[in-house]
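Participant: Below, each chain spelled out in residue letters.
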Amino acid sequence: MRTTINPLAELKSDTAEMITKSIKEWAEKEVMPYRHEIDDNFEMAERAMKKLFVDIGMQKLLVPESAGGAGLSFEELPPILYHSFSEIGKADAGIGFVLSALVASSASAIGSEVFDFMVDKLSSGFCRVSIVPPQFGNDDFRGFELAKAVEKGNKIRIKFYGRPLNSGFDADLFVVFCNYDGVSLAVLDGEEVERGEIVKTAGLNASRNCDVRIKAEVEKSRIIKGDAWKRLEIYLNLCLSSLCVGSAVDSCRIVGDWAEKRFIRGKPLKDNTVDAEVLGEVAKEAIEASMAAQFLAKSMLEDRSDDEIHTLSAITALKCSGAAFNVADRAMELMASQGYAREGLLEKQWRDAKSIAALLNQQHSLLELSERFFASKLWER
Amino acid sequence: MRTTINPLAELKSDTAEMITKSIKEWAEKEVMPYRHEIDDNFEMAERAMKKLFVDIGMQKLLVPESAGGAGLSFEELPPILYHSFSEIGKADAGIGFVLSALVASSASAIGSEVFDFMVDKLSSGFCRVSIVPPQFGNDDFRGFELAKAVEKGNKIRIKFYGRPLNSGFDADLFVVFCNYDGVSLAVLDGEEVERGEIVKTAGLNASRNCDVRIKAEVEKSRIIKGDAWKRLEIYLNLCLSSLCVGSAVDSCRIVGDWAEKRFIRGKPLKDNTVDAEVLGEVAKEAIEASMAAQFLAKSMLEDRSDDEIHTLSAITALKCSGAAFNVADRAMELMASQGYAREGLLEKQWRDAKSIAALLNQQHSLLELSERFFASKLWER
Amino acid sequence: MEFARIREFESPLERYLAEMIKDWGEKYVLPYRREFDEDWKEHRYVEPALEKLMVGYGFQMGVFPGEFGGWGIGNSDYFGSITARLMEEIGRYDTGIAVSVGVTFWPLFMITVKPHINYDLCAEFSELFARKKLTIAANAMTEPQGGSDIENLDELRGKTIRTTAVLDGDEWVINGHKLWPTNTGGMADLFGVVCTTKPGEADEKYFAYIYIPANLPGVKQGEPYRKAGMAADKNSDIWFDNVRVPKHYRAWGEGLDAKYFREIIATGCLGSAAMTLGAMENIYEILYEKCGELRYRGKPLKENTAVAAVLADIAAEIEVSRAAVYTYARMLDRPDIYGERYSAEMVARGRALKLKVCDACCDVARKAVDLLSHYGIDRSFDVEKHWRDVKMVQLWMGGRQLCQMDVARHFYDCKQL
Amino acid sequence: MEFARIREFESPLERYLAEMIKDWGEKYVLPYRREFDEDWKEHRYVEPALEKLMVGYGFQMGVFPGEFGGWGIGNSDYFGSITARLMEEIGRYDTGIAVSVGVTFWPLFMITVKPHINYDLCAEFSELFARKKLTIAANAMTEPQGGSDIENLDELRGKTIRTTAVLDGDEWVINGHKLWPTNTGGMADLFGVVCTTKPGEADEKYFAYIYIPANLPGVKQGEPYRKAGMAADKNSDIWFDNVRVPKHYRAWGEGLDAKYFREIIATGCLGSAAMTLGAMENIYEILYEKCGELRYRGKPLKENTAVAAVLADIAAEIEVSRAAVYTYARMLDRPDIYGERYSAEMVARGRALKLKVCDACCDVARKAVDLLSHYGIDRSFDVEKHWRDVKMVQLWMGGRQLCQMDVARHFYDCKQL
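Each protein sequence line maps, in turn, to chains A, B, C and D. Following the numbering used here, the numbering of the first sequence begins with 1 at its first residue and continues without gaps. Following the numbering used here, the numbering of the second sequence begins with 1 at its first residue and continues without gaps. Following the numbering used here, the numbering of the third sequence begins with 1 at its first residue and continues without gaps. Following the numbering used here, the numbering of the fourth sequence begins with 1 at its first residue and continues without gaps.
Don't read these hints as lab results, they were simulated from the structure. Backbone N, C-alpha and C define an ideal beta-carbon position, used for all residues, glycine too. Among the clues, some could well be false.
[Stated by the list, open to error] Listed below are several chain B residues computed to face chain D (Cβ distance under 8 Å; list not exhaustive):
1) P268
2) N272
3) T273
4) V274
[What the hints assert, rightly or not] With a Cα cut of at most 25 Å, we get these calculated DSS-like pairs of lysine-lysine:
5) K200/B with K132/C
6) K22/C with K114/C
7) K220/A with K148/A
8) K27/D with K299/C
9) K267/A with K27/D
10) K200/A with K415/D
11) K41/C with K159/C
12) K159/B with K299/C
13) K267/A with K159/D
[Stated by the list, open to error] DEER-style ranges, computed between Cβ atoms:
14) K299/C with E260/A: 55 to 61 Å
15) Y161/B with D154/C: 58 to 64 Å
16) G125/A with A9/B: 37 to 43 Å
17) E37/A with M1/C: 38 to 44 Å
18) M1/C with P115/D: 55 to 61 Å
19) D181/A with R379/D: 35 to 41 Å
20) D23/C with R35/B: 55 to 61 Å
21) E151/A with R379/D: 37 to 43 Å
22) R157/A with M32/B: 33 to 39 Å
23) E37/A with G222/D: 14 to 20 Å
Using the sequences plus the hints, can you model the full thing?
Facilitator: Dropping the structure here:
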């Protein structure tokens, strides 16, 4: 047993086990042999993504069986996402990051008119979805700028300039937070979005991003109103949390191997208390993250308000991304240069985990928690 | 909703609700009106403890119904402990600390010969139990000194000098970790233990402690062998974790009230983002702790190995005690002098949480995790 | 061992004072320190120790210029360094006594530190402090309605001050209610009072700093508060009810009061950082001793590498903190090089120093408590005392958040904080 | 604005060098800095920048005494302060270039810094560096088998060193394999090599520090490693296979090599702390600019108090770190007051400084990335570059744990770590 714990009883399922097994095989065949280079060579990541998304079918989890998908229900989803994203996180967090947006978007669209539009895309070959969340700018969405949506006859005109959360350069679909009837999601075809140059980033290289200019007119049916944006965030947070659990477990494994092989003062690192303490810390963080992510998945199977789960999911994602980073960071301290070298594999987890943590926008999330729990009035609307 | 979340479905129970209600009433009547003074006036704490332990019956949760107790089974216990200790933690962590040792000891003794001996004590009036864990010293128990147990005819002679975990000065029973047949627990009558002077401590004042000298000869039936010590630690960790969740929630409540009443820059504190961020942080920590403690309680209802639960419980207790301290500490930063003053109530939670965190011996626990997860060989046995 | 600092700036006076404090601390504080917590109200142990230092060793006259019988700390070229050293050395023994001494000097800095020495007031007040009797001052700032608003001079410019000073002929008539000043609860003989000559106005010319002897009619001190720690520092309410003082008791007058008051903030930050530095050093000394005695895994605690790592973090924190404290102290010593002590820059630097060093100290104390576990929370090991005491230092003078805003405002040129 | 330091110790030479670096950095680094990451192997952008500084501005001769055409940094009375300033100023632009320059000086410190100036070797090697051609040195310490064991001199006394030096007539014959030195991967022209004259012995007299020109037969440098960051710093393997050098290429001889090598540790710690200080200052500058431009809640990012609080923590961290770096630098400048640079005390202080300042820098960089969120991880904002780069500084020279042990050993008098 190495920094993993048995999942909660309700999170065990045959389907989850089956999918996890496929992902394990995929990781061993498609990722592990190329892990040193995958960050420099996007084709490798893309090939691995295609296998995962299309062949294993992770992009069709929610696509109805009639359309060639797995047709999973909301009741089946949380355990499967917890397990599958944990597994992906052990291999390549960037790929999981790209997938998370697709899964979260599909989940948010179920039951809406636009779902069929998405299903078409999701069931016809390799597909990436980009999320365009509110961002630094003005005051529309709790202090963040939101895409503008204006009614124009039967259509809605969507306007936005800025940076998506992920895969802006490659996405086939864009799910855009916009100010229509409160906050809604607009689903755009990739062709409706003008893209800039690829932005180089610290990590998550499978997700190529760029600034985008949106100036589209779409049918009203392409808008998902109501709490869909919350559902999107809930599923995104679950996927990212689980991904980070996998990343933390992988970092623990890497540093554990090193601590066994590396000798200092005549003993393996792990038998020196100063190093053992760091190992204890990383194990603790990884387990804490796993407990939190499982708690979230389990809660989603229970009868709870969307608001409560939304809040729990935000807390869990912050916790897990922070944990994945801390584990990699402290592990690197133990491995010194070896952790910092590309061959060591650890440094990729370190860059990826930090990127996820940064994208979750800690400051802003904390302010939202303050609104939620303490009724702080921080934003005038 | 204020920094609390609905419990996991499996942790809801009518009994738990009933007990929680009694504890709430108890807190309102017996603790809240005296909270400012309770630390200076042990009689107040003792009176409140008597009500809680005897009248409400918290000391008899595990005592068979035939002996006037609640006769709870292991399956009922975790949810009840989670809820009741959370509730106690909102009122007085010190009292919960004293109770936790009693509950954990009873749980560890169930099924052993000594249980009847304990039941006698637990069912005949106000009773306190002190735990004597291994401590700074030598190498016997993973680097800690353990009481010496030597067979002498039909009896076992127990020798120890040092400091119990809690209530050493007042306890009617002592449960002593000793080196008999591996690690065992010896249950001693308070009269078999020689006590020193009361030690003044930073917090947890309901638990009066002292150094003790043990030089007792007891029947073999007073020894609980096998994994009982692990069970004791598991239950102790659950009680303390839940207690700390309650403490964190109470600190959130206190700072939340203040942040509403206190004006700065013409607005309530909570509407200034710099302060709101701190509120967000404390809410996050409190919820994280609650998730972890619930996860532990839920795990205890599942089919898991003692070892796994033991480890989870250690992680949870570290997490929750750390969280309770951080919440109080950051809340105090926001409340400034008002948080530091005795009237503010916060400072008591702050001292108590820190004391629990310190007593859990973080350094040592991390090294144990390292042994567990990375097979570090830190202690020669 | 001595932690890092530039030793070239240690003046002979500083060294001499430090030796006196050591002598005093070992004789008059350490034997009684563990009684202080219960002594918060009566000060049966605290007051004799304080009196010994202030009267017996003569510190009470320290800041006054030599011509009035003082030691001239205020007009020395080593004003900052000496102040830091005093607070550091007293802080080793008790941060509560340190703040009590510091806050006695504090209001006097307005009139005793060059280049702004008010000779008239020095002459008058030095007589009070020259008595062979413990004489204490207090700096009355905070008011009930608005926490850190008064220290927040750059933003609010005194707008929220409610303690009023009205000139009636040759006298100021003062009315108001102050909370939390150190050295109150019956201790203070002289107050330096922050008040306004025009309530509700955000203009520094209405900001007034006026001295009020505590024995005047209309001055009332409340009972000391009970706190988590810092028992040697008495805090309480003060009420001023139509208190009348001579017109010349206003420190400097329109505009200048606010200007020099910023120096009070700068020196307060230095003192706070220095006394927590002293507390850290004492924690280090205790750990040095106890981690050598307690055993774990068959070795002294400190010989276990996991423990040594924590001990090292603590030592390194002190090393860096001390260098920073004495760098700032030196910067205060040389306004010609670093700018006036009351300049926005020097105040912001002081805030930054206090922010970091107090955080470091709270962290060091927390780690030390954890490390010693059972003994960490034991009052007879003295570590938990420091842990409780120093938290107060982090909280006072407007607390962490105000410190942060002052630092951000200056270092990032923020305009709307 | 300038962060805290004692300005009285800034020498004219230091000020002049700092101005040159600023000029160089703006012209030759900033326009190309974003290309460095992909340039890790070829150094098509890095090398011209480095060459400009070393040859164009002449820094390459900096440490040699004046009589050999150098600037005499090594025998200046401001050796520590100047070294710190160089590393700080270059570190603002790129910590990778800073370490490349620093590590060129580093092995030369053994023979160019007073009082241990080896005039013969200075004469010989200064010719190499006087060429109008980029000339680089490297300090070959770490070996494959045991991470930080070599830097861990106080505990292991060279026992685990496997690179051997055997005297054969008038020549040393060197065999061994080194990992990770800065300035390898084909860059170095001269190595300072840590080796042993008696493998397996824990006695400092067998510790040898021998210079090996990189062009000698039997010297082989591997391909540079790909790393998380720090692309301007090439690291690789070096193999010495029966390499022969003249006997007098051993720096000082039995006992003295080990003794002065400790000074290498002390100065390495100072340089590491100073360059991360520079990185922090650049992060501060970027935040100053970007947090004024980006808007949140209708205001510049920095005008939101929650953001300002983080910005303040960052500024305060830099303020304290800089004071500490220059305090230590001054202490190295004056062995007469603070003890020899190679004394256990000064080495431990250096370790403590590196431990804290590197931790502070990693923390500052992490906070800055978080604060800017999307833009924090964007390579065109340069913050994430520093974040990746500076982690390396925390890890080198034995990493955090060795730093901690060295600090604990000295400050707590530990004997068995």
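Participant: For which of the previously enumerated hints does the structure constitute a violation, in increasing order of number?
Facilitator: 1, 5, 6, 8, 9, 10, 11, 14, 17, 18, 20 and 22
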